[in-house]
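Put together the whole structure using the sequences plus the hints.
Protein chains in written order, with our numbering: chain A, 1 to 161; chain B, 1 to 161.
These are computed hints drawn from the structure, not numbers from a lab.
Cβ atoms here follow ideal geometry from the backbone N, Cα and C, with glycine treated the same way.
Incorrect hints may appear among the rest.
[Claimed, not checked] Simulated coverage check for chain B against chain A, where a stretch passes if three residues somewhere in it have a Cβ under 8 Å from a Cβ of chain A:
id : region
1  : 28–34
2  : 116–130
3  : 141–152
Number of protein chains: 2
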Amino acid sequence: MLTMEKDLETRLANDHHQAIKLWLRMLTCTNRITGKIRSRLRENFKTTLPRFDLLAQLERHPEGLKMSELSKRMMVTTGNVTGITDQLEAEGLVRREVDPSDRRSFVVKLTPEGRRLFGEMAAVHEGWVIELFEGLSSEEKETLYALLGKLKQHLNGKEAQ
Amino acid sequence: MLTMEKDLETRLANDHHQAIKLWLRMLTCTNRITGKIRSRLRENFKTTLPRFDLLAQLERHPEGLKMSELSKRMMVTTGNVTGITDQLEAEGLVRREVDPSDRRSFVVKLTPEGRRLFGEMAAVHEGWVIELFEGLSSEEKETLYALLGKLKQHLNGKEAQ
Numbered sequence: 001m002l003t004m005e006k007d008l009e010t011r012l013a014n015d016h017h018q019a020i021k022l023w024l025r026m027l028t029c030t031n032r033i034t035g036k037i038r039s040r041l042r043e044n045f046k047t048t049l050p051r052f053d054l055l056a057q058l059e060r061h062p063e064g065l066k067m068s069e070l071s072k073r074m075m076v077t078t079g080n081v082t083g084i085t086d087q088l089e090a091e092g093l094v095r096r097e098v099d100p101s102d103r104r105s106f107v108v109k110l111t112p113e114g115r116r117l118f119g120e121m122a123a124v125h126e127g128w129v130i131e132l133f134e135g136l137s138s139e140e141k142e143t144l145y146a147l148l149g150k151l152k153q154h155l156n157g158k159e160a161q
Numbered sequence: 001m002l003t004m005e006k007d008l009e010t011r012l013a014n015d016h017h018q019a020i021k022l023w024l025r026m027l028t029c030t031n032r033i034t035g036k037i038r039s040r041l042r043e044n045f046k047t048t049l050p051r052f053d054l055l056a057q058l059e060r061h062p063e064g065l066k067m068s069e070l071s072k073r074m075m076v077t078t079g080n081v082t083g084i085t086d087q088l089e090a091e092g093l094v095r096r097e098v099d100p101s102d103r104r105s106f107v108v109k110l111t112p113e114g115r116r117l118f119g120e121m122a123a124v125h126e127g128w129v130i131e132l133f134e135g136l137s138s139e140e141k142e143t144l145y146a147l148l149g150k151l152k153q154h155l156n157g158k159e160a161q
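Following this line, the structure appears as C-alpha cells:
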C-alpha cells in the first residue's frame, strides 16, 4: 500500500516536472527563433521584429484594422503599437483612413509602398524560417504541428477562464 | 518531365508552407500560455511576468548574477532589466552585492524574503503550467519534448551564424 502510494507520488511528480520542462523548452525554442529573426531583420532590412509583425498583420487584412484589433493580433510585442504605427506612417508604409463602418474611428492599412516592401521582406523571412526548422524531417514537422494543434485546442477551451 | 517538375515544385511549396504554418502555430501557443500566466500572476500575486522571470533566474543562481548575465537569461522580456531590478530591490526582494571575483562589479541575489515569495509563487505557477498542458497525454508531452529537443539542437548548431 505504502509502495503503491509512493509510486503514484513519484509518477505525479514526474508528470509535473514534465510539464514545466516542456514549457521551458518550448519557450527556449521560441526565443531562439525570434532572436535569430530579430537580428537578421536588423542586419538585412534595418528593421525590427515588431515593425515586421505589424506590417504582416496588415498584409493579411487589406480592408484595414482598427488599432485595437491590430494590438490584439500582434505576435511578438506587448509594446507600443501606436508608436510603431506613427513611425511607419511617417515613412509612408502605412496610412490611417476613416473607418467606413464608424466615421468617428479609423483603420490602418498598408500603402502600396508598404505592401511592396513587406512582400520583399516576407519572401526572405520565409527562407529563414524554413532553414531554422530544417533540423526536423517533414514527418517530424507534421507531428509537431499536430501536437501543437491539440495543445492550442485545449488552450482555446480555457479561453473564458 | 513537366509533371515531375511540377510535382517537385508542389512538394517544395508544401514543405515551405509547412515550416511557416508550424512556426506561426508555435508562436501562437507560446503567446497564449504566456498571456494566461501573465494575467494569472497579475490577479493572484499583483505582479508581472518579467518580475517573476527575473526572480526565477536568481533562484536558480544562489551565487548571484551580473546584470549582463541576468539580461541574457531572461525568458520573457527584452525590456528594462535594470528598472525591474531597481523596483525589486526597493521592495526588499533582491539585493546588489559586490562581486567577489571582480570588486569593481556587482551581482544581484535574492533576499530571504524574495526567496520565500518566489517559492510561494513558483508552486502555484507550476500548477498552472500542468493544467495548461493537460490537453496532451503523458506520451504526447514526451514526444513534443523530444521534437523540441531536436529543434533546439539544430538551432544551437546555428549559434555562430
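Taking the hints in turn, this is what the structure says about them:
| no. | hint | result |
| --- | --- | --- |
| 1 | 28–34 | holds (count 7) |
| 2 | 116–130 | holds (count 3) |
| 3 | 141–152 | holds (count 11) |
Of the numbered hints stated above, none is contradicted by the structure.
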